[in-house]
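There are 2 protein chains.
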Amino acid sequence: MTQPMSAMQQTMSAKQHAASQLPLKGLTVLEFSQYLAGPYAGLRLADLGARVIKIERPGSGDACRSLATKDLWVDGDSLLFHTINRNKESFCADLKSPHDLNAVRQLLAQADVMTHNFRPGVMEKIGLDYTSVKALNPQIIYGEVSGYGNEGPWVHKPGQDLLAQAVSGVGWLSGNRKQGPVPLGLAIADMLCGTHLAQGILAALVRRQRARKNGGAVVGAKVQASLLESMVDFQFEGLTTYLNNDRQLPDRSAIANAHAFLGAPYGIYQTKDHWIAISMGPLGPLAEALGCPAINKNDSEAFSQRDAIKTDLAKHLRTQTTDHWMTRLNAAAIWASEVVDYDQLLDHPAFKAVAMELQVSRPSQNGETSLTVNTTRCPLRINGQRFTSHKAAPRLGEDTDHIRNTLLANSTTAHSSQGETAQ
Amino acid sequence: MTQPMSAMQQTMSAKQHAASQLPLKGLTVLEFSQYLAGPYAGLRLADLGARVIKIERPGSGDACRSLATKDLWVDGDSLLFHTINRNKESFCADLKSPHDLNAVRQLLAQADVMTHNFRPGVMEKIGLDYTSVKALNPQIIYGEVSGYGNEGPWVHKPGQDLLAQAVSGVGWLSGNRKQGPVPLGLAIADMLCGTHLAQGILAALVRRQRARKNGGAVVGAKVQASLLESMVDFQFEGLTTYLNNDRQLPDRSAIANAHAFLGAPYGIYQTKDHWIAISMGPLGPLAEALGCPAINKNDSEAFSQRDAIKTDLAKHLRTQTTDHWMTRLNAAAIWASEVVDYDQLLDHPAFKAVAMELQVSRPSQNGETSLTVNTTRCPLRINGQRFTSHKAAPRLGEDTDHIRNTLLANSTTAHSSQGETAQ
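As they're listed, the protein sequences go chains A and P.
Each residue of the first sequence is one higher than the one before, counting from 4 in my numbering.
Each residue of the second sequence is one higher than the one before, counting from 4 in my numbering.
There may be inaccurate statements among the hints.
The list cannot tell twin chains apart, which means a pair is met if one copy fits it or any two copies do.
[Claimed, not checked] In silico lysine-lysine, PhoX-like type, Cα no more than 25 Å apart, as pairs: (1) K181 x K73; (2) K318 x K181; (3) K318 x K216; (4) K355 x K275; (5) K216 x K137; (6) K355 x K181; (7) K128 x K73; (8) K355 x K216; (9) K394 x K318.
Please keep in mind that the hints were generated in silico from the structure rather than gathered at the bench.
From a predicted model like this one, the values you see are computed outputs, not experimental measurements.
Whole structure, please, built from the sequences with the hints as guidance.
Following this line, the structure appears as structure tokens:
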């Protein structure tokens, strides 16, 4: 006779099923990367099921632990660190200590993937450059992030997001014509570079698996991404337009710019009570839906006359509320939207429908209450499943002992650097 | 006796070697996607070595063929289409015709991956939803892009980039406090969603390969990404800050905003002759390097006093040239950079060092000259190799006959829709 499952049993069963679906389950990643780009790649690999172990220097760890947004800290680490490093483990190692380096080499020999974002030359000095690591583990996928590649005059330029934006030309795409360069207000270069790195690592894993199937060849790889190359790729539409259009520089519209290469009405406009985004589409139906004959121009003029058209449109839209306009635009099936802020977004049923919110928890230590961070999940769904690990970012060195005991042979746990890893 | 290789033989050999390194060589992707997000995923998979075949409707094809930036066209297709679809093939099929649908089903039975971005419900009507396709090919990786997920009040909202930006809150991060929402001036939601889709597809391919190794189980997958979820993930730092900080909305600085959650000096400033980006770092050394005692504040005030500090800094930086300041900042190892535009970037030795420019060519047709498009390459390097296929975007239906003759059984080439595929 079978017993009906309890609600908890059903939940557990669903969770176990979800875990078994994780596509990268069974793969191990060693993350020597700090700050955002490399760790963002690691976060995604962890979300997809890989075991990601941060290799951190004793005492301070990933420098991101002490880099705060708005001076916000959780349990001794910046909230920023928590955001990027949830769902990972932490192993402390002083790469200048032969003892610790030996432990790291043993881990590398067993790992599937490693990532680092040291400046060019540093890994060679330590002896963990690709050639050396490949000798330990010919099948490893070695991921490397740099600011601007490995040669040329910017090799030693700091690989920081705003600076990568500054040298990529991207500042001339946002904002209106009379503004100076307007940077994108978040770490776009880091995030793109991290996603590209993860892509390259995954592609190399696919190749490794396929090579094994086809005869057992060992195929590791070195995968390199850089902030600069990612920012260039990000602008591939604009740069291709520039390159094939007599190198005419992007020219933002005077008002309501949202894309330097697209004509009116493409932009965000103020209404009587708020804001409205109007995307692409023919001008005639738009003019009719809004009751605005002034913008009823020929579509062939949408780019060349965009300032005049946008000025008329902006003036007209200010006379009524967003709701008023949205009703008319929706009725005419014109591509438009209200503009929301975080308050409106997070309370919106459409946001709740995608269930992007995620709570992660650090277990309590020494009897203290456990700590919870509210954050967002991996944006992918596989077989309808959302990946929602509730494991928080690790304390510095939290997993050192466990990893030494389970993955390392003949490890002596009494060592100088170990003392520093305790919280 | 061995002959020395000619220069051409050496080049061919190097090229063949490069091709054999392509990590996704041997995999086939069918791309039902249009516009940017899905095709951007396809572009990256093609760059990494997959054979990507666009499945396009006879007559008009991917709607992006007729969507132009700045009214620029090449050989009958928009330059934009060329940018996104280089290195792919084109197969024409009318999904409403049983004959064509049968051909597509045969292709699906042989494919490794497919992607589409039809609105929710469309693929079910055609009979190419995941359940149906899985029945044809249990191991296929089925990639799906939507605007806002598959349920909730935004399911039928147009999945367009600016609208996805509008409903994600991202407009409140760029520009200065007194501006309204400032959209990012490029298709950020599409690009992120495309990279996420490619990540998920690659992760599913890794799992499929590993499952085969471990006992031959057939493990396909449905991978879903959406513009909204990608935009939420993109803002994970800001949203986590908001969620753990009493839901305080992001507040841009009054001047030189570059990140609503970071303090002074983080921003781009006007100099006597141009612009300069100054990133993060302590205020004392910055004040000293610039000879600007007014900004020599305590670092704990860098966020709370950012408007005052940035105002003083902006005033000071306007008194000298970018070169003047950069010499001082570099000497003090402070994170700063000149700001470049596309002209300066593309002529810069540092840009030439990363070799991102790429020329692609469409072979001549009917004796006409072949057409060349200047664009940019895949941002990744694997084993030091850059991926530089020179294959241009396909003409509509360019590969239909070849694919019918080589991949389809008992195919009759005389069919009504075929006539429309010719150029």
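From the Cα coordinates, with 25 Å as the cut-off, is the pair K181 and K73 best called within, between, both, or neither?
-> Result: close only across copies, 20 Å inter versus 30 Å intra.
Could you figure out if K318 and K181 sit no more than 25 Å apart (CA to CA) within one copy, between two copies, both or neither?
-> both (19 Å within a copy, 19 Å between copies)
Within, between, both or neither, where K394 and K318 count as close if Cα-Cα is 25 Å or less = neither (51 Å within a copy, 47 Å between copies)
Could you place K128 and K73 in one of the four classes (within, between, both, neither) given a Cα distance threshold of 25 Å?
-> neither (36 Å within a copy, 50 Å between copies)
Quick one: K216 to K137, C-alpha cut-off 25 Å, is that within a copy, between copies, both, or neither?
-> both (21 Å within a copy, 23 Å between copies)
From the Cα coordinates, with 25 Å as the cut-off, is the pair K355 and K181 best called within, between, both, or neither?
-> neither (39 Å within a copy, 30 Å between copies)
Between the shortest in-copy and the shortest cross-copy C-alpha distance, which are at most 25 Å for K355 and K275: within, between, both, or neither?
-> neither (28 Å within a copy, 49 Å between copies)
Quick one: K355 to K216, C-alpha cut-off 25 Å, is that within a copy, between copies, both, or neither?
-> Neither: 43 Å inside a chain and 39 Å across chains, both beyond 25 Å.
Under a CA distance limit of 25 Å, which applies to K318 and K216: within one copy, between copies, both, or neither?
-> Answer is neither: 65 Å inside a copy and 64 Å across each miss the 25 Å cutoff.
Hints 3, 4, 6, 7, 8, 9 from the earlier list are contradicted by this structure; the remaining hints agree with it.
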